[in-house]
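Undergrad: All chains should be modelled from the sequences, with the hints used to inform the complete structure.
So the protein lines, in turn, are chains A and B. Position 62 of the first sequence, counting from 1, maps to 62 under my numbering, and the rest follow consecutively. Position 45 of the second sequence, counting from 1, maps to 45 under my numbering, and the rest follow consecutively.
Bear in mind the hints are in silico, worked out from the structure with no lab data behind them. From a predicted model like this one, the values you see are computed outputs, not experimental measurements. Note that beta-carbon positions come from the ideal geometry of N, C-alpha and C, so glycine has one too. All the pointers check out, no bait thrown in.
Residues on chain B that point at chain A, a partial pick, calculated with CB under 10 angstroms:
hint: 1; residue: Asp105
hint: 2; residue: Ile212
hint: 3; residue: Ala306
hint: 4; residue: Glu327
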Amino acid sequence: MKEGLNIIVCVKQVPDPEGPPSAFEVDSESKKVIPKGIPPVMSPFDENALEAALRIKDEAACKVTVLSMGKRLAKPVLRKSLAVGADELILLEDNSFEGLDPYWTAITLSSAIKRIGTYDLVLTGRQASDWNAAQVGPGISEILKIPSVTLARKVELREDGVIVERVLPNGYEVIKAPIPSLVTVSNELGDLRYAGIKEIKAVQNKPITTLCASDLKVDLSQTDQIKLLKLYPPVWDRKCNFIEGQDAQEIGVALALKLRVDKVV
Amino acid sequence: MDEYRGVLVFCEVEENIAPITLELLQVGRKLADDLGVELLTVVLGSDIKRIADELVYFGPDKVYVIDDPLLKSYNGDACTTVLERLCEALNPDIILFGQTSVGRDLAPRLSFRLKTRLTTDCIDLSIDQDTKLLLQTKPVYGGNALAVYVCEVKPQIVTVRSKTMSPIAYDENRKGEVIEFDTEIDELIIRTTVIEKVKEEATGIKLEDADIIVSGGRGIGGPDGFEQIEELSKLLGGAVGASRPPCDLGWAPSTHQVGLTGKIVTPNLYIAVGISGASQHLAGMSESKRIVAINKDSKANIFKVAHYGVVGDYKDILPAFIKKLGELK
Ligand SMILES: Cc1cc2nc3c(=O)[nH]c(=O)nc-3n(C[C@H](O)[C@H](O)[C@H](O)COP(=O)(O)OP(=O)(O)OC[C@H]3O[C@@H](n4cnc5c(N)ncnc54)[C@H](O)[C@@H]3O)c2cc1C
Ligand SMILES: Nc1ncnc2c1ncn2[C@@H]1O[C@H](COP(=O)(O)O)[C@@H](O)[C@H]1O
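TA: See below:
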C-alpha cells in the first residue's frame, strides 16, 4: 500500500432519514420538507464513505480531509468525522449554498477540491438521503476530469491504483481505476466506526477551516435551471384488513384461508 | 429551442433486451406522440445486430446502433463519450435511462458532459401542454415526499424507476429504421477496467421475477428466524426478500434487499414479516398486487400499504399459517 496519500471525503448534513414518516412534514407552500423532532446527521452513505477512507488510513499513513457544504452546518455533527479519525474538516458555508441542485453542488465541491489541490482519491456517498439525487459524485469526477466508480462495497488503495468492489444486482464486480479517481460508496461497505467520549473531547477544540462562495470563486447567481414545481406527501388509499382471532393459532389459520379464498395462494 | 427534437431511449441489454428498456419505450412512445416527434433508441455493445433488429418491433422510429468490441461489457468512460457524440449529432429533446446499475453510473456523467440537468429515479413522466417541457416526478426524502421537477436546459435527462411503467408489447408489424452510428473509440479514453465479476445470486427464483415474495425484517431477530421465512417461501413457490437491516447484519445476502437502494418488486403477493415499513422499504414493494404484513406493533407504518394485516409475534403466527397452507395444498 502506498503511503502519504490524500483522501477527500464529501459529507452532507441531512435530517436523520431513519426518523418515522411523521417526522417529515411536507410543506407544499414553501416546497420544503420540515423535519420534526429529528436531529441533523451525516447522510448515512457518507458515513460509509468516511469509513472507507479510515480503513485505508488504518493500513497506511494518509491524510483524510472531510468536506461539507451547506447554508448553516451543525459543527458537532461534522466534528464527529474528526473524532473517528479524519485529519481535517473543511466547511463550505454560505447563504448562496442553500438548496443548490446537484449540478451546482458538484461545481462548488469541485472548486473546493481544486483549492485543496492534491488528492489521490475523492469519496462520496452513493446518494444523499434527503433529495436522493445520486449524481454529485459522478458530477465531481466529470468536472475534475478524473475517472469514477459508483456503488463501492470495498475500496483499496494500491501502489498503482484503486481497487473497487462495485455492487451489482446479482453480486459485485472488481474494478481497477488509476489515481486520482472518484468513488461513490454504498452501505454494503459497512458502518462508520464509533467515536468514544475521549475521542470526541479530544477534537473539541481542533480548528476547522471555513470557506465561503467568494473564497471558492464560484458564481452562484444563476442556479435555477431545474425547478421544483411541486412537493407533496405520498397518499396511501389502502384500507388494511386486519385478520382477527382468539389466538395466534387461529389468526394464522384465518390468514391462510383468506389468501386461499382470494386465490393468491 | 427547436433544434432539440425527439425522445431518445437508452437500451439496456442483458443477453436480450432488458425489461426496463421495454418500460422506457412504452413511456417514451407516449411522450414522443404528445410532442409530435420521433421516438429514438440507442443500443451499445459488440455484435448486437440481432438486438438492434429486434428493437424495431418495440416501437421506436429509429434504432441507433453503436457496435464496437470495446463496448462488449459496460464501461462508463467509453459509454459516456459515445453517447455524448450521439447527442451532439441528434440533439434529442428528452433522454430516458433506467434507474439501474448502468443507468445510475451513466446518466449522471452524461448530464454533466452535456452541461444539462438530470432527475433520477422518476416514477411518473408527462408533458406540460403549455411549455412542452417534461414534468418529472420523483420520490425524495426516501419516499416521504414526492417532487415534480421541470428542467429548462436541453436535453432533459431522467432515469426511470423499474416497474413503474408498463412494458411495451412486441408487434411484428412495426417498422423502424436501424442506423449504424459510426464513431471511433480511442482506447486511451478507457481509464477503468473490470478485473472480475462475482455472482452472489441465491439459487432459485429471481427476486425481480417472483410471483410471491416472503420478506423478513429486523423483527425476525436473527439468522434462525430467516429459516422460517425460507420455509414459507419454499412452500409458496416464491422467493425470499429482506429489508436492509437483515442484509447489513448478515442474516440474509445483500442481493435480497428490497427498497429504494435494493430491488424494486411488484409480485402478486408480498408478505412482510417483522418489517416496520420505512419509506425506503416501501419504495421497493408498495406496488405489489397484494401485501400481507405481520408485525407485533399495530401502529407500524407497513399497515398503511398492506391489504391484510396481522398484529402479533411472527414466531406464534407463522407455524399455524405454514401448517394450514400445507394442508390446503
Ligand atoms: C438513503 C437510505 C436508503 C435506504 N434504502 C433501504 C432499502 O432499499 N431497503 C430497506 O429495507 N431499507 C432501506 N433503508 C433503511 C430504512 O430506513 C429502515 O431503516 C429499514 O427499512 C428498517 O428495516 P426494518 O423494518 O426491518 O427494521 P425496524 O424498522 O427496526 O422494524 C422492525 C419491525 O419488526 C417488528 N417486530 C419486532 N419483533 C417482532 C416479532 N417477533 N414479530 C413481529 N414483528 C416484530 C417491530 O414492531 C418493527 O416494526 C434506507 C435508508 C436510507 C437512509
Ligand atoms: N452539500 C454537500 N456537502 C458535501 N457533500 C455533498 C453535498 N451534497 C452532496 N454531497 C456528496 O455527494 C453525494 C451524492 O449526493 P446527491 O447527488 O445529492 O445524492 C453525497 O452522498 C455526498 O457525499
